[in-house]
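Asks: Chains as they are written, first to last, in our numbering: chain A, 2 to 155; chain B, 6 to 168.
By construction, these hints were calculated from the structure, which means they are not laboratory data. Watch out, some of these pointers could steer you wrong.
Stated by the list, open to error - Covered stretches of chain B (in silico footprint by chain A; criterion: 3 or more residues with CB under 8 Å from a CB of chain A, positions within the stretch not fixed):
(1) 45-54
(2) 65-76
(3) 90-103
(4) 108-120
(5) 132-143
Where a beta carbon is used, it is the ideal one built from N, C-alpha and C, also for glycine.
Now for the letters of each chain:
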Amino acid sequence: MKIRALDYDNLRQWYMLSNTPAYLYKHFAKEETLLQLALKSSVRELIGIFEEAIHDVPKELDDLITLYAVMIAICQKDAMDEYELAKDFLDKVRQCEIGWFEELVSICKSTRFPTFYAKGIQKATLVTPSRADTSTQTIIDQGKPLVTKEKRNG
Amino acid sequence: MGIIMTPYDTPKRSISLQTRKGNNVDNCQSGFLTLLEKSEFADLERKYPDKKKRTEPNAVYNCHGLVFGARRTAIDDGNEIMRKIIPDDEYHEIALQDVLAGDIALYFGDDGDIEHSAIVVSEPDSCVKIPMVVSKWGKYSEVIHLATYCEYSKNIKYYRVTK
């Protein structure tokens, strides 16, 4: 399955030259059409595209590139309201037996979602501000705020 | 008839690989080149006509596996190189004008990551002040080329083990 908005010639070139998953991730994540795809689509839409694309065994290299591209596009999403959705998706696709997927998910998690996944953080402490206003929670490690997250009820 | 492999089937295997000081180096042999991938090599060959192809395409080792793993396996994490191999094996950076055959070339991305590596096969001459290297481009072949005649970063540093 191909996505019209993606520049497959460019992505294919990066794929063919990739010696390591980090190289593939880095260059895909900088690719203009992939970033546009990420910008214009919600995480939910991207997951839908991915699920459709993974349904069939890839017949062409571009089918495989679609899977990499959509997964990496999801990793570029910053919207906090879709954070959990993206995180759950990455946990699921890690199990896909596609070359480098496990490594790419690890890279994505450590670069885009470092608070929850970064190696070496022994214990992230959830601190509720002592002030009466507790509309936000700050997750800290060694005194440094890593991310501020809207507190949700229910 | 060729074997039709999809990336879904690619098995993983690693071998014992250590630095001089005995630290383990993470590595992975995939071994399989899919027909999908093979079909794309022609583009690379057209784009870089002045390189000299040295081997058939293969997925057993990558560029770092060529340089640091004796062509036995792929080293997928570039950080293993700077963190373990360079210090443990006592590589020292050398200036371009001092490069000799046998030295290694590391290609650094804008973010400081090692993107690619190669082995110098001939020193820069007085005319073209760029060494020739042998390197491996992804799952494609080993190729001999001017160090800068490739798609990888042009921020190249050279290293040598002296003892």
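Asks: Evaluate each hint against the coordinates.
Replies: Verification of the supplied hints:
no. : hint    : in the structure
1   : 45-54   : holds (count 4)
2   : 65-76   : holds (count 3)
3   : 90-103  : violated (count 0)
4   : 108-120 : holds (count 4)
5   : 132-143 : holds (count 3)
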